[in-house]
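Novice: Residue-level listing of the chains:
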Amino acid sequence: MHATSVNKYRWRTVDIVVASVIGVASGIIFWAWGLAYGPLSAALSATPGLTALLGGGWLFAAVLGGLIVRKPGAAIYTELIAATVSALIGSQWGFGTLMSGLIQGLGAELVFALFLYANWNVFTAVLAGAGAGVAMSINDLVVWYPGVDAGFQTVYVICGVISGAILGGLVPWFIMRGLARAGALSRFAAGRQN
Amino acid sequence: MATLSAQGWGWQFAARPAPALKNISFDITQGERVLLLGASGVGKSTLLRAVAGVLGEDEGTASGGLTLDGNTPESCRGTVGLVLQDPENQVILERVGDDVAFGCENLGIDREEIWHRVDEALGLVGLDVPLTRSTSALSGGQKQRLALAGVLAMKPGIIALDEPTANLDPAGAIALKHAVTQVADATGATIVMVEHRVDLWWDFATRIIVLGPNGVLWDGAPSALPEETASVLESAGVWLPHKQIHSSTHHVGSTVLLSAQNLQVGYPGSPMVSKEVNIHVRAGEILAITGPNGAGKTALALTLGGLIPTQSGAVIAASELQGSASGITPLKWRSRELLSRIGSVFQAPEQQFIAATVREELAAGPKALKLPSVEVKKRVAELLERLHLTELADAHPFTLSGGQQRRLSVGTALATKPQLLILDEPTFGQDAVTWTEMVSLLSELRAEGCGIVAITHDADFVAAVADTVLELGGEK
Amino acid sequence: MTTISPLAKLCASGILGVVLLLSLDPVSAMVALLFELALLPWAGVPARRLLRILIPLLIAAPFAGLATLLYGRGVGEVLVVLGPWEITSGEAELALAITLRVLAVALPAVVLFATTDPTDLADGLAQLWKLPARFVIGALAAIRMLGLMRQDWHMLRLARRARGVADGGGPIAALVRLGNQALALLTIAVRRGSLLATAMEARAFDAPVTRTWAREAKFTARDGWFVCGAAVIAIIAVMMAVMTGAWNFVIS
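Protein chains in written order, with the numbering used here: chain A, 1 to 194; chain B, 195 to 670; chain C, 671 to 922.
For the record, the hints were derived by calculation from the structure and aren't laboratory data.
Don't be surprised by glycine CBs; every beta carbon is placed ideally from N, CA and C.
There's no promise every hint is true.
Just the calculated beta-carbon pair ranges, DEER-fashion [stated by the list, open to error]: (1) B:305 to C:878: 14 to 24 Å; (2) B:517 to C:721: 39 to 49 Å; (3) C:914 to A:143: 23 to 33 Å; (4) B:224 to C:714: 51 to 61 Å.
Just a few of them, taken from the derived set where beta-carbon distance is under 8 Å, the chain C residues facing chain A [unchecked claim]: (5) 818; (6) 819; (7) 875.
Chain A extracted, bound-state conformation (with noise of 0.2 Å):
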């Protein structure tokens, strides 16, 4: 068989046509979770910052996007998409959105740099949620929040990191997962682990 030298971090067609459809889906879920935030954060902030813990609704697709593709650029990618999407169904917060996805995304991306793309497991997800709730936690705080008190912006910043870890990293893990045991990965290497 020729050797042709495969740049790995070039995308494949199944990496944009999936990583798309990754997108595409969870820019549905970011709609319906923005619309599930308007009663569900009016409970919440009865304590200052809280409603950040709800954030993570908004984060998973870029972690998602960086665990099946594997390549830079993937979670922005996605998670550009996602908010594309989302606010072309008709999300309240416009552009805006547009512009927390890419920062957002921003976020997840650079913890997946730091690994140097090499490092896809568990806790790479956790941190990379993480890495995305703290761009989300800034960048609500400076667009959304100008002028609140240090006690609040503590409180989001803190928020902002646990969802982003857990909604926005440990569960796209496990969505990940169970797709690869379902057989949908079979042409990523996440789904050729174990």
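Assemble chains B and C onto chain A, guided by the hints.
Specialist: Okay, now just chains B and C, sitting in the frame of chain A:
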């Protein structure tokens, strides 16, 4: 003009213990029309994908050589066109014209030339729809012809088809055969095809290549196929033409389980409504429902199964079926009440799977009925045995082959011992062996007193097993 | 509206979106909203369809303001007391501003994209803005699958009823069921995606050849004027807010 040549070619998927194919050798010259036959799972699809150059290097390793005029298939994408089995997952763009033009765009052809080819290709396959028609609005058969047109527009020397009629109704299959014949005659392209139901293409093929686990079993003209090879193929499940299907004796059912008068069905929110029908489903009888695509057969199955509401008329359960359930319309029954009375098996088995292993899948129904765990285990073991799924008991349902999934799907419906069973296309995509198994399973169930409704395109199935036939006329 | 370049529509909703987000005040949002509503008949969307796509937005927008109404930092005189919640005039103003802004930002985006064909948008993004073609087309193919996903979701729900697991158990059980159903949908969708990728490669996608385009994406003077029009609306909205003193820059 391409010559396709394999020299001891083999392929092993990464992370699989054994090679999928080995020792494949043949030479196919321009203009030949080749039918690839072999048992399920022997690797025919893999070979076609390799020929089309879409088998990724990262997916496994090849041995030996496979060349197109001396070049590797990957380096001449566009010389081989591939039409896949599922009409839905080959449509790339939303408008008909754009979808056909897709291949040409990828090959860097001029805009004017592209549209010229699009018109030519659509004409050749007989798809007479405007270029702006939505691809989602096409029927399955039309989608397959659309895929063929898209391939044709690239002007390939070889056209590979992987079970193109598997998901089509008889009318769609014939239309596709027409299209392929016209294309082959007009362009002189080489045709390499994998198909289960061979009678349709037997007169079309100029050559048969039979694949076996250790290489090519036989290679030659269809008329020259020797008896021994033919019987090996048949026992492996390949359909060969001129096979006798004996019709069973007709049974008359006993009590009426479900009836509907002046019933019209359709999907909620959709304006399409079927013609009026009257239906009586009896215990110990098999009712086959036939008709062209679009007539509303699946909607009828869903309505009878108490899953969607009727558009007019009502579905009434007899007291024998109703038992202790609340009300006489299955639609109003609780999900658990439905479970032990009517079993519904969908056309796409994957949509019905809810568990992570075959064993849990079979146990799900009995568990929902809150049966004691001893009983649950007993039923699961019985079903695994009856459906030949014992070795797969711990596999994930999604990883099963099409035929296995369909048997599992029927099994999950049987686990709760319903009095009425509704099946949507139970013989779809089955090879000869699993087809026969399905027929005998349903006959056994009928003998046990079950009432069975089967939506089907399969004329042989109707002849073998149906006691009553309802023809649902087509509508616009 | 369907003949305006999708890129122009993208720019227009982008301009409005970004500019309006710079300030949180009822005046700029209201002005922009009034312009948008006035221009709505020219969008070329039949009234019934328009209502259908706007209703989710109309429902969601007040919720955005609700949180502030109930939990904002109490400023100004108390207007009414509802149980544990004190609603002040400051909060009411802010809540109104937020609701109006949500409507003003999302309305053009939703309407403009209801009149855009995704393939045309993809053409524009790849041909004129030079985004990488493989990604644009891959995303386009995935978006087409939205319709299929909706059908799959519907059948998945019916299947669960037939399997006896559709009801009972309370809200937690219902959530778990929803989660399972979502995972099933995702599995089916990912498999579809893999098959589609093979089909695309079978049509020479990703071949080492420079791609051509069957449809030409254009950006005409008319499109340019459209974008300018949006900019004008944005500027007027800002000016009105500044002149009435209501301008309230977000990062302060």
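Novice: Would the hint on residue 875 of chain C be counted as holding, given a Cβ-Cβ threshold of 8 Å to chain A?
Specialist: Interface hint status for residue 875 of chain C: holds (6 Å vs cutoff 8 Å).
Novice: Was the hint right that residue 818 of chain C lines chain A, CB cutoff 8 Å?
Specialist: violated (10 Å)
Novice: Tell me if the beta carbons of residue 305 of chain B and residue 878 of chain C are separated by a distance inside 14 to 24 Å.
Specialist: holds (21 Å)
Novice: Does the beta carbon distance between residue 914 of chain C and residue 143 of chain A stay inside 23 to 33 Å, or does it fall outside?
Specialist: holds (24 Å)
Novice: Mind checking the CB of residue 819 of chain C against every CB in chain A and telling me if the closest is under 8 Å?
Specialist: holds (7 Å)
Novice: Assuming the hint says 39 to 49 Å, is it satisfied by the Cβ distance from residue 517 of chain B to residue 721 of chain C or not?
Specialist: At 46 Å between Cβs, range holds.
Novice: Does the beta carbon distance between residue 224 of chain B and residue 714 of chain C stay inside 51 to 61 Å, or does it fall outside?
Specialist: holds (52 Å)
The earlier numbered hint that this structure contradicts is number 5, and it is the only one.
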